[in-house]
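K.L.:
Chain by chain, the residues run as shown.
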Amino acid sequence: MSRIGWKPTATAGILASAMLLAACSSSGSPAVQPAPSASGGLVAAAEAAARTAADGQHPGGTIHILGELTGAQLTAYLGTLKPFTAATGIQVQYESTANLFAVLQTDVAGGSPPDIVSDPSAGQIVQLADEGKVVPIDSWLNMGQVNTDFPSGLVSLASVKGHLYGLFYNTSVQNLVWYDPQTYTGPNPPTSWAQLESWAATQAAAGHTPWCIGMASGSASGWPGAAWIEQFVLRQSGVNVYDQWWEGKLPWSSPQVKAAFQAFGAVATNAKTVFGGPTSVLTTSFSTSPNGLFTKPAQCSLTVQADWLGDTEAQTVPGVKPVTDIDFFTFPAVTPADAGIIETSGELVAALRDTPQTQDYMRYLATPQFADMVAQTGQWLAANRTVAPSSYSAALEQQADKVYENAASVRYSAQASMPLAMETAFFSAVLDYVKDPGSLDSILAGMDRTQATAYANF
Amino acid sequence: MTLTSSVLLAAAVTAGVPVALFGYLWTVEKALTPLPERTRRRLRPWAWLAPALVLVGVFLLYPMLNTLVLSLRNSGSTGWAGLSNFRYLLDDATVHAALRNSLLWVVLLTGGCLLVGLAIALLADRVRYEVAVKSIVVLPTAVSFVAGAVIWGFMFNYQPAGFPQTGTLNAIWTELSRQPPVAWLVDNSTNNAALILVGVWMTTGFATVIISAALKMVPAELVESARIDGASGWQTLRYVLLPQLRPTLTVVATLLAISAFKAFDVVYVMTNGNYNTDVIANLLYQQLFINQDYGRASAVAVLLTVVISPILVLNIRTLRREWRA
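Going down the list, the sequences are from chains A and B.
Everything in the first sequence is counted per the numbering used here, starting at 1 for the first residue and increasing by one.
Everything in the second sequence is counted per the numbering used here, starting at 459 for the first residue and increasing by one.
Honestly, the hints are just simulated from the structure, not real lab data.
Careful, some of the hints might be misleading.
[Said to hold, decoys possible] Restraint ranges, calculated between C-beta atoms of paired labels, are given here: (1) Gln262(A) with Met613(B): 30 to 38 Å; (2) Asp130(A) with Val516(B): 31 to 39 Å; (3) Lys249(A) with Ala510(B): 52 to 60 Å.
[As the list claims (entries may be wrong)] Derived list of chain A stretches under chain B, where covered just means 3 residues or more per stretch with a C-beta under 8 Å from a C-beta of chain B: (4) 98-107; (5) 214-226; (6) 269-278; (7) 428-435.
Just so you know, even glycine gets a beta-carbon here, dropped at the ideal spot from N, CA and C.
My request is simple: use the sequences and hints to build the entire structure.
P.N.:
This is the structure in structure tokens:
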């Protein structure tokens, strides 16, 4: 149901731009960048890689992929698979659904799972792997290569009892701090969260709200706040506490989780630090709230969002150019120990059937040549870290890729790792907390009760 | 499946179903022929009904009974759970909240649609541009609930006080009352009513059409003689029209009440049950697809069926009385 920290869908983008066009009287339509097409060299290399993945065979046949990409993103994704089809004769049939979790669950329960699933909630794959419904893929792959090419945090996430069950093809760096270089006067980059917070406090005291936060996102409302909170758990308490927490082994009422809620609340529940106060945080869409950076006068100086925000703003807000009008720095260190830890989201690809076709497909997904194809779509960062930043055409993507490649430690989004029942409750808890910060203890106690049942099959 | 094969399949089904049915009836008649006349007369209705009964059994009766069984089993349907799923319905505060809100939906959606529908039907009856008025009222029923919810999302838009209100409701509200804007979907005093308002907007057209049609069936002489006897407009409505419309109003009310109990899309899209706006149908979705608790989900479904059944009975009784009259 929820697409966490993920690039807004085409519809959301259209709605956002429609609202902007209605709100702004300035002329000029938003410039939509044409999707760059893969150059011949890349395609040839990818075809060669696919031939190797299929061991020189030409098995033909079809694979049925279940996922939730639509529109331009689906076209881009299918484009990265064309060399695979050309080299192996394996046709790709992509079934797109807006309700992936339910559809996959029903298909698996009904005994007719798809060959491959591409799932933005990695927690579901881990859960299915535990139930023995997903095929282990480590014996198909060169695991030495996988361990060098992919961040260990993402490999271990997809591993259950020593076997690998999925590969990420794309990734998105979460919780980058975005600003308008034309107006932002604060520390850049700040050396610590405390430094940024003290600058924000002086701004707030002078009557300028430093932050814009929007948490409305239809039935997944609350996820942007959940992203803040998991960032604080990760950065305040470290990777071990973070892992225990999303694995359901650390109670929500623990001091570490409570401190993370409060750190977020210090920004989001204070009408002096966030534009429009908590009510606006609850009612503003995640896709329109960053526009507050560009109003005259600016409603805020900073907003937190994943790596796609800059280019999306440049495409939807007239006159905004990447880097000159919108840029980012990474979420500053909260404790001295946590510098260089980043959080990502992305789609985990897993196989539900063991066939020559799915084996070849997973092997192809592991190749750097496929990752290069992903990089050139302009839609996502490739999860494979062998891709050079120069493979990306957009400047902000190159910067984000550098952050991803140089990260000391990578952790997958906690909300998307949890069982869906926990994730949904998390979003509701964030909304309830922002609406009524005084009830935090009872909210967290309720989360402990959900935690007691949500991990039953985990 | 390619487009051509889809079209061919559709054509085959369209032609094939009647052919198969006629074939079945022909075979039945052939089989019945050797039997004595009395037995034939007794068997024929059942033989003719059999295909429909099989379909109802497979697609309605079996799922219902299966749901009842599942509601007595545990979350993964791997073992019996006794009545624990029904105890959850009794004990859990979120269930109570959802029930309360669903009842609010039943009262406000049914009342709202009936009142507005009746008013429009009566008023439109007196003007020459009746068709235009009714078309406008019926138009929203053609919009899907999800699209309607998205549209109303814009209507309910909130901007902080002091900034231009882009949401229609807040623009009017702040202009007229000089009060701060309202976060319609978040504020507990307005959010359920706001969601139900969307439901009313989407369903009133249905009530209007049916009430209006019934109004046309009221004999003109009745109204005329009431007028001649000196009845005022109000008295004509109260003592002539409303009694005549009563069976129709009852049927429309029961249908509205049932759709109010089933309300899901608007709530799911606009608040997903947050801020104390959850309703039974959304709870069912949550338990089934999010929590994957088949036991509790089935118990909620059983509850929904039990609550709706009396309304259905009332509906059928009214219809029967209509036919007899």
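K.L.:
Now, for every hint given, state plainly whether the structure supports it.
P.N.:
A quick look at each hint next to the structure:
Checked against the hint of 30 to 38 Å, the pair Gln262(A) and Met613(B) passes, with Cβ atoms roughly 35 Å apart. For the hinted restraint 31 to 39 Å between Asp130(A) and Val516(B), the CB-CB distance of approximately 34 Å keeps it satisfied. Judged by the Cβ atoms, the range 52 to 60 Å given for Lys249(A) and Ala510(B) holds: they are separated by roughly 55 Å. Chain B is given as covering the stretch 98-107 of chain A, and this holds because 4 residues of the stretch bring a CB closer than 8 Å to a CB of that chain, at least three being needed.
Coverage of a stretch by a chain is defined here by at least three residues with a beta carbon nearer than 8 Å to that chain's beta carbons; for the stretch 214-226 of chain A and chain B the count is 5, and the condition holds. Against chain B, the stretch 269-278 of chain A contributes 3 residues with a C-beta closer than 8 Å to a partner C-beta. That satisfies the three-residue criterion, and the hint holds. Restraint check on the stretch 428-435 of chain A versus chain B: 4 residues with Cβ-Cβ distances below 8 Å, three needed, restraint holds.
The structure is consistent with each of the numbered hints, conforming to all of them.
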